[in-house]
Every structure is written in structure tokens, then in C-alpha cells.
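Since the structure of chain A is already known, use the hints to place chain B on it.
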Amino acid sequence: MMWITALVSGIALGSFYALITMGFALIFGVTHAFNLAHGDLLVLAGYVAYWLWKAWDVSLVLAFPIAVVAMLFTLLVLQRLFSLLREPLELNSIIMSFGLAILLQNGMLFSFSGDYRLIPAPILTRGIHLDGLSVSYGQLTLVILSLIAIGLLHLVLHHTYLGKGLRATIQDREGAALAGINVRAMGVVAFSIGAVCIGLAGPLYGAIYYLYPTAGLQATLLAVTITIFAGVGRIGGLLLGGWVLGLAESAAVILLGSSWRELVSAVILMVLLVLRPQGILGREQG
Amino acid sequence: MLAWRAATVSCLLMLCIWGPALSASPIKIGDIHPLTGRLAKHGIESHQGVMIAVAEVNEAGGLLGRQVELASRDDQSLPEVAISRAEELCAREKVLGFTGGYEDSLVGAVSEVARKHRVPFVASASLQKELVLHANPYFFRVASLQGFVEPLCDFLTNRLRPERLVILHAATPGATEFAADLRDCLKSRGTETRFLEKFRPGTPDFTPLIARLATLPADVIVSGGFFPDHLLFLRQLKEQRVNLKGYIGPWGIAYESFLREMGEDAEHLFGTSAWNPGITLPGTEAASQAFIERCRRLFHQEPSSTTMHGYTAARALLAAIEEVLRRNEPLTGAAIRQALSGLDLLLPMERLSFDERGDPRAYRHVVVQVQGGRFVVVYPPERASGSVVYPAPPRSQRP
Numbered sequence: 001m002m003w004i005t006a007l008v009s010g011i012a013l014g015s016f017y018a019l020i021t022m023g024f025a026l027i028f029g030v031t032h033a034f035n036l037a038h039g040d041l042l043v044l045a046g047y048v049a050y051w052l053w054k055a056w057d058v059s060l061v062l063a064f065p066i067a068v069v070a071m072l073f074t075l076l077v078l079q080r081l082f083s084l085l086r087e088p089l090e091l092n093s094i095i096m097s098f099g100l101a102i103l104l105q106n107g108m109l110f111s112f113s114g115d116y117r118l119i120p121a122p123i124l125t126r127g128i129h130l131d132g133l134s135v136s137y138g139q140l141t142l143v144i145l146s147l148i149a150i151g152l153l154h155l156v157l158h159h160t161y162l163g164k165g166l167r168a169t170i171q172d173r174e175g176a177a178l179a180g181i182n183v184r185a186m187g188v189v190a191f192s193i194g195a196v197c198i199g200l201a202g203p204l205y206g207a208i209y210y211l212y213p214t215a216g217l218q219a220t221l222l223a224v225t226i227t228i229f230a231g232v233g234r235i236g237g238l239l240l241g242g243w244v245l246g247l248a249e250s251a252a253v254i255l256l257g258s259s260w261r262e263l264v265s266a267v268i269l270m271v272l273l274v275l276r277p278q279g280i281l282g283r284e285q286g
Numbered sequence: 001m002l003a004w005r006a007a008t009v010s011c012l013l014m015l016c017i018w019g020p021a022l023s024a025s026p027i028k029i030g031d032i033h034p035l036t037g038r039l040a041k042h043g044i045e046s047h048q049g050v051m052i053a054v055a056e057v058n059e060a061g062g063l064l065g066r067q068v069e070l071a072s073r074d075d076q077s078l079p080e081v082a083i084s085r086a087e088e089l090c091a092r093e094k095v096l097g098f099t100g101g102y103e104d105s106l107v108g109a110v111s112e113v114a115r116k117h118r119v120p121f122v123a124s125a126s127l128q129k130e131l132v133l134h135a136n137p138y139f140f141r142v143a144s145l146q147g148f149v150e151p152l153c154d155f156l157t158n159r160l161r162p163e164r165l166v167i168l169h170a171a172t173p174g175a176t177e178f179a180a181d182l183r184d185c186l187k188s189r190g191t192e193t194r195f196l197e198k199f200r201p202g203t204p205d206f207t208p209l210i211a212r213l214a215t216l217p218a219d220v221i222v223s224g225g226f227f228p229d230h231l232l233f234l235r236q237l238k239e240q241r242v243n244l245k246g247y248i249g250p251w252g253i254a255y256e257s258f259l260r261e262m263g264e265d266a267e268h269l270f271g272t273s274a275w276n277p278g279i280t281l282p283g284t285e286a287a288s289q290a291f292i293e294r295c296r297r298l299f300h301q302e303p304s305s306t307t308m309h310g311y312t313a314a315r316a317l318l319a320a321i322e323e324v325l326r327r328n329e330p331l332t333g334a335a336i337r338q339a340l341s342g343l344d345l346l347l348p349m350e351r352l353s354f355d356e357r358g359d360p361r362a363y364r365h366v367v368v369q370v371q372g373g374r375f376v377v378v379y380p381p382e383r384a385s386g387s388v389v390y391p392a393p394p395r396s397q398r399p
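Just so you know, the sequences run in chain order A and B. Quick note: the first sequence uses my numbering, first residue 1, plus one each step. Quick note: the second sequence uses my numbering, first residue 1, plus one each step.
Honestly, the hints are just simulated from the structure, not real lab data. The model shown is predicted, which means the values in this text are computed figures rather than measured ones. Heads up, some of the hints might be wrong.
Restricting the straight-line Cα-Cα distance to at most 20 Å, the calculated cross-link-like pairs of lysine to any residue (SDA-like) are [unchecked claim]:
hint, chain 1, residue 1, chain 2, residue 2
1, A, Lys54, A, Val68
2, B, Lys238, A, Val68
3, B, Lys238, A, Met2
4, B, Lys94, B, Arg395
Some, not all, of what chain B presents toward chain A, calculated at C-beta under 10 Å [claimed, not checked]:
hint, residue
5, Ala91
6, Phe206
7, Thr215
8, Leu231
9, Asp344
Cβ coordinates follow ideal geometry from the N, Cα and C atoms, glycine included.
So here's chain B without its partners, still in its complex pose:
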């Protein structure tokens, strides 16, 4: 009896001592990004976005007083490494949820680990439709393919109305789906695609393809390639003296670093952007500016759209955890997943809420054009900050 009483008193004492400390223990979340390897540029930017979100929450006092701890992992741009890192975060680090991923081959692999461990995963960059078709309740993402296809389809049919449209795309799952969806959307609105072709990302020479395009001749090219593909393709278009009325790159063009590398040759190109330092969702100007300043302070550089994607994904996860804490429910994967499903968050990039498959409901890009060395929003009209220059002046008339 005495022993029982002593044990009870000890337990009570321990609760008194450790109880407050337990309630104030840090919240641990994870992030997996390609910090090395071929996708390092994008992975590092997205990872910085996650760190900004965590810093923002911690500087504001944490989630209901609890600081957030971030466990970061490098997937080396390799799916098999991504799987082992995700296992590590879920099984060893015991994170409450995690974010990250760039490119669907990495995101798809990680999403299955999330399902297995019942730990919510909010992907910062993922497009492939198939990933949300398998009813994975622990997978969410802040971007979707339709966010690119719909505004571009509207822009092409309502504003440019090209006669000889060409769609090129990188041979990746997301880019291939993008090209097919855009072609179908345009067709449903009476605009025919004259030529559709895929190429391997990193192709060293586009000249033979350009020679084929010159026989059409194409007047508008939509190129679903990536940053380096645009660099090479545009330079070789110039070498071959091909004049286009318009060139649109949904990925890779609306980046300050692209302008830096391309210089004057970037003039009049079209890109799309969900966010960049000059483009933010109406009503989020202050939040956007705070994000930019925090990025400058932490990393001494300007944030990119990719940084914002990482930030948005982390903010979603943190908001869901805060909601669970507010409801005074246990912090389980199921409870956080539930909170993510009911999320409605106004962020600089989008008004974030998820549909039943984990896709964002309102992710939508705007069409931008490089004018005078900066990005001007030209579509949709309600968000436009300037007029479209179309057709682009021939090279012979450019300075």
C-alpha cells in the first residue's frame, strides 16, 4: 500500500514538473528536397521557402506557444533516396507531417511513404494527375496542372488567336500531360494545334527541330520545357533567324534568374507565374512583402516562385497543425490530415483549400510578358498590369 502511494505521488510530482514542459515541447515537421543533384537549384529554393515559413511562425511565438522544429533531408534528386529519407523522417524523426518534393518522380515516391506511415505530406511542386487518382488521404499539393492549362488556353483563344500554333514539351510526365491537356482545351474552343512534339530535357541541339518548325512556319510556340531548355532553344531560334509572333514558356521563364541569363533576348517572351516578387494575389500585398523581406534577411537573396511554393506548402501544414492544437485534439496524422482537408488560407500565391483528392482548388497562374526587362502581367484582364505586345516585333526591328 505504501509502495502504491509512493508511486502515485511520484507520478503526480513528475507530471507537475514535466507537464508544462511537455505541452511546450517543439512541434517537429519535416521537409525533403533535392538539395544536390540535377534538381538542386529548384530544391534549394523550395527548401528556403519552407524555412521562411517556419521562421515566420517561430518569430510570432510558435504554434500556440510551441516552437516549430524542422527536420530537413536531401533526396539528391533521386526517387530511391527520396523514399529512404521519407522513411527516416516518418519512422525515426517521428515528424507530424512533412513537405517538399520537386518533380513528380520524387513526389510520387514520397507520397506512398506518407500513406504507409499515415503522416500527411504536402507537396510543394507536383503536377501529374495520376498522383491524386489513387485516393491517398495523406497526400496534398499546392500546385496543379489545371493552374497552367486553363489560363494559357484562355489567353491563346481570347487574346493571341494564333494561326499556326506549335506545342513542344519536355518528355516528363507533367509536361506531357500539360501539352495534351492544352491541345484538347484549345481544340474544344476551335483552335487547332498544327504541330505537337516532345523532346528530352537537356537536349543539346534544337536546330533540326527549328528547321522543321520553319517549314510550317510556326507563328506561336508554347514550349513546355524547363529553364535550361528555353535558354538553348531561344538562342538557337535567334541563330536561325526565326521570327515568331509569340513564344510562351509556362515553366522557367518567369524567373529573375532567367532574365539575368537571357538579357535583352528575353524581351517580349511570355511566361506564366503563380507568384513572383512583383505579382501577388490581391489582398496579400503586405504578406508578400513580409515574405520577400524575410527571404532577403535569411538568405540574402530575392525569392522566386519556387521559394513561394515551398513556403505555401509549409504554411498549409503548419496551419493544419495549429488548427488541431486549437481544437485540443491529439496531434495525430489523421487529425492533421482532417485539418488539411478543411483548410481555407489566403496566401500570396493562392487562396489555399484542398479538394477531396488533395489538389488545390484555386491554384491559377497569370500570364506575364517580359517588357523593358521586367515581368508585366498581361492576362487575365482583371489582374493585368500592362498591355500585351503582340505580335512581337521582328528581330531586325529590335535594338
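Pulled out of the complex, with its shape left as it was, chain A reads as follows:
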């Protein structure tokens, strides 16, 4: 039973990782903007949901669309800022988003204090209990929501003209531009889809995990790790990458102890970077 619990936990945790990562991976893939404030934006979305609950008793379910709208507005402003940057875009975006991250952290510290906040969602702590195995609705929500989100993103990317444009931009920006694709517009679309992902993941982060102003750093690191793990631009690999990491961490806790958790993840990531630098699902070039 211990192993089944670890399996469920690893899948749920991996799904959570994938949800956190989706927005970052898509924006980075399409625009090459390395958004170090990604985690802070996610925490901000969580605080929006927390504030809605605290001020007007708005439930988590109703908070999702409002957080999505708030993030759409914020991310479009961010996209505008990034579009003003000159080459090298990756480096300049790191510097700008680092400054933004500090700004957001201090803003949240000022607005919400340094206290740890939980968005109450009692339903998420209940669950299904079968012969010693417990699966919480929180874990189920993570798995289902990540499957739906990845599935929808996959549909958009692979079965629409817009998706073709996005994929072409991910693969080769200059080539896409030469083929007549408006890569600037693709950037706006990527930021918009990224905002939806962040608006969904943020409130969930506050309900499943907890919020505090500097929590975003950990989320950003996770997003960067899983994006590398999946292969840059490989949206489909995000869920698989998240699951591999989640399962590896759970297995490490059972077999070796809690203190080995991060070490095992780090070793897997390093091995992967050496053996498969194109990511889990990536194809070798040439």
C-alpha cells in the first residue's frame, strides 16, 4: 500500500509541476522571453483568489475566472514591456523579469504581509478511501486539471491554424516570419495562453500548497527545471516530465528518505541533460 500511495502522490505532484510550468514553457518557447517573474505572477494569482475569498467570501471555483482575467491583463502589460527589449532578448528578459520579480515580491509583502496564507477549500482535503489507500480530491483535481489543460493546449497546437503558427514560431522564429507568420502576434497569443495557465495554477497553488510573498522563487525554479526536462518548446513533454520528477521524488522518499528527494531529482536532470539534451520527448536534430 505504501508504494501505491507513493505512486498516486508522485503522479499528483508531477501534475502540479506540469500545471505550474505550462505558462512559462509556452511563453519561453514562442517568444524566447525568459520570465524569472513567472512564479511571482503565479503567487500573485493565488493572492487574487485569497483576497477575493477574504473580502467577499468568493469560493475557489469562482475565483479561477477572475484570477485568469487579472493575469491576462498583467501578462499583456508584461508582453508589451518585453516587446520593448532589444537583442539579446533572453538575457535582457532575465534582467527585466528579475527586477519585476523583486517588485512583485515587495508589493505582495506590503499588501498581504509576510504571513503564510491558505485558501480554504475543505472539499480538496476530502477524498476516496479504499482499503487503506487514500486519494484526496485535491490530488484528483491536480491530475484531472493538468490532463485537461495539457490536452486543450495540445489540441490548439496541433489541430488549429493558430497552433501551427505557434509551433512554427517555437521551432524557428525567423523561418516562421519569412513564411508570413506574424511572430509578434504569436507572442501576444503565447502570453495570453500563458496568463490563462497562470490564472488557473495560482489559486490552486494557494489551496493545495500555501502562499507567501517569496514563494514564487520555488515555482520559477520548478518551471525552468521541468521546461528543460521536457525539452524547450515540447509542450507535450511537460506532463511526462512532471510525472517523472514527481515519481522519482516520491520513490526517493520511500527508498532513501526525505533528505534524498531533491538530490535524486537533480541527478536525473543532470543525466538527462547529458544523455538527452533535447528533452524527454525531443528528437535529435540532424
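Here is chain B on its own, set in the frame of chain A:
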């Protein structure tokens, strides 16, 4: 000759004019806290405690008539920043002493700056034993690890007597030492620890660890994690329907904000506290109430145990400076350090005096349990305000 006389008269005149002003010049002390970054919550609370102590002294007319000026610095929860801020306070601001610090990585770094500049540093929150092993005469602290270990060891062996005890702890120096010391103390009294494990603070998922604990099965868990770790761990224990006879969190549980976030799920949990608004050292009730009211007036909020730690550290430093002034000695780092060594101060959190290493002699927590949404002191018996509820009722029997 005439010039010499003129110079002498000028000097005398200047002394007459500036002398009283010099003697009444403000006393400058410093404080360094993590006001931003990952430790901001605790740093801000401790910093508020320091400000309360300074306000208290100034409202009472200052230190022998001299007002106290506070130079505050934010270390951003980063040791390297803490060092530069401490240098700034000692070298540029020329403070007579300073206080603050949260977490040993910050305190340790700052204590070495204090030694270098020979400026006394009274840490408000520090536990790691190694920090006082290097004979730093300018380092003092108002908390110590034994203040947690001894009462918990007594409580577990005398009152709970668990059969399958588990100790978990965050992978920080203080928490690691705490877990090892508690295990050793329990062992010396015939109580075996069945499982001891560390985890990284901020771990996102405790479920696999809980699955391992369920195979023992554990009946009492002592978790040397911090506030957010308890939030997540306890919620996942509930999700996994693990029933424990007792759960003890020496850090992070005995806070009003913890009760606010956990709600009914906090019921029957054990924590430890050196002070909180309902728990004060006998004989200090009036001082404790004055502290609470001053905190409400200045910051419009209730003080926490961390606020009291900041207050206690600042009070120690201010009392030592006052003692030097009273003796009519020059206000040097060495004289203030000497006064700190001989201090004996009754404060709401502890009767404060320092041993030869700078550790507090009488810092000791009480064990509290959440009962009916409030903290009840359950150990030691002489300070208990209620009885222990143990074992905790199974979840199925809770409302």
C-alpha cells in the same frame, strides 16, 4: 600668550554651550532583521519588538534622560547582505550595540562582524550551539536550544510516554541539533525514538513520508519543522486519514496566525511557547500587558512570540547601556559587553541573565495544547492552566 588665553576661553565657552547638549545626545543602537525575503514574516515581527522596547524607554524619559535612536537595516534574508548591513551599522552609524537576526545563518554571520568591531550584538532568535562555542565575547542571545529540548523531553517522558515516537525535523542546523538532542535526552530516560528523519523546509508533498510513517504506525510525532511545513504536513495527514495520539511542533504552532489558518484542524495539537499574549512568566503580568498594549497602539496588531523575542533582546541591550551610564563609565563596546554579562532582568519571556558563552541561563518554553481554539499551558505542572487531552480523539469522533 594672548592667543593661548583666547583659545582656552573659547574652549571653555564651547564646553559651556555644547557640554549639556553632548551629555543629552541620543543613544544610538542598531537592529538588523530580514524585513524582506523568505524570512520577512518573522523578521518584521522581531523588528517590531525592538521598536516597542525603544518606544517604551523613550516614553519613560530615555536612558538617564537620553533618548534612544534606532538605526534599522534589512538583511533581505541573505547572510551576505546581513554582513554588509552589520558593517554599516558598526562602522558608519557607530551604534553602541545592535540586536536582531533570525535564523542562525544570518546570526552567525553578523556575530563575527560584532566581534571584529567590538560592538555587542544581542540576537533575538538563534539556537545553533556552535555559534557560542567560539568564545565571542561580543555575542549574546536571548534564546537557546535547551529551552525547547528540556521541557519537551520532560513532557514526553513524564506525561505522554509514547510507544512509537517519531521525530521529524527541517534540514536546518538548529532543527537538526534539536532533533539529535531530543533523541539523546529521551534515550537517557529510557524512551526510544522509533524513526528520525529530516526534510527540506518548504517540501511540497509529505504524502510518501506519511505513507512510511503509517507502516510503523507512529503514535506521537514531534515535528521540528516551521509554520508552513506544519500547515502542509497536517493537512496531508488528514487527507491520508492518519490518526495520531499526539502531534507536537516546537516551532510554528503556538501562534495566533497558525490558529487562524488551520481553524478546527489545529485542535489538540501541541506546541511550545516562551511567551504569547496569554502566557507570561509569573510576576510579569503587568509588564506583559503593557507590551501587548504598546504593540496594539504602535502596529495595530497582536504581538507574537517572535515580537517578544525582539523586545527581550532590545531590552537587554538597553538595560546594559543604562547600567554603563549609571556607573558613569564611557559608553564603549567593552563596557556594554561587561554590563550585559552581569545583567539580571525579569522580563515577560524569561528571567534574563547570560552565561559565560552568551547563552541565556533561564530560557525555557512551556508546552501548550490547542483546546477550544486557544492555547492552554499543559506542562510543566506549576505553570499549567489546564489538563492535557491525550490521546487526541480520532478524526471520526471530532465535530
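Item to complete: Take a quick look at whether Lys54(A) and Val68(A) sit within 20 Å of each other, Cα to Cα.
Response: holds (18 Å)
Worksheet item: Can the hint on Leu231(B) be confirmed by a CB-to-CB distance to chain A that is less than 10 Å?
Response: holds (5 Å)
Item to complete: Sort out whether Arg395(B) lies within 20 Å of Lys94(B), counting only the CA atoms.
Response: violated (57 Å)
Worksheet item: Regarding the hint that Asp344(B) lies at the interface with chain A, is the smallest CB-CB distance below 10 Å?
Response: violated (34 Å)
Worksheet item: Do the numbers back the hint for Phe206(B), that is, is its least Cβ distance to chain A under 10 Å?
Response: Nearest chain A Cβ about 8 Å off; hint holds.
Fill in: Interface hint outcome for Thr215(B) [beta carbon to chain A under 10 Å]
At 6 Å from the nearest chain A Cβ, Thr215(B) passes the 10 Å test, so the hint holds.
Discussion item. Does Met2(A) sit within 20 Å of Lys238(B), going by the straight-line distance between their CA atoms?
Written reply: holds (16 Å)
Discussion item. Check whether the Cα positions of Lys238(B) and Val68(A) lie no farther apart than 20 Å.
Written reply: violated (30 Å)
Fill in: Proposed interface contact between Ala91(B) and chain A, which counts if any beta carbon pair is under 10 Å
Ala91(B) check fails; min Cβ-Cβ to chain A is 27 Å, beyond 10 Å.
Hints 2, 4, 5 and 9, counting from the list given before, are not met by this structure.
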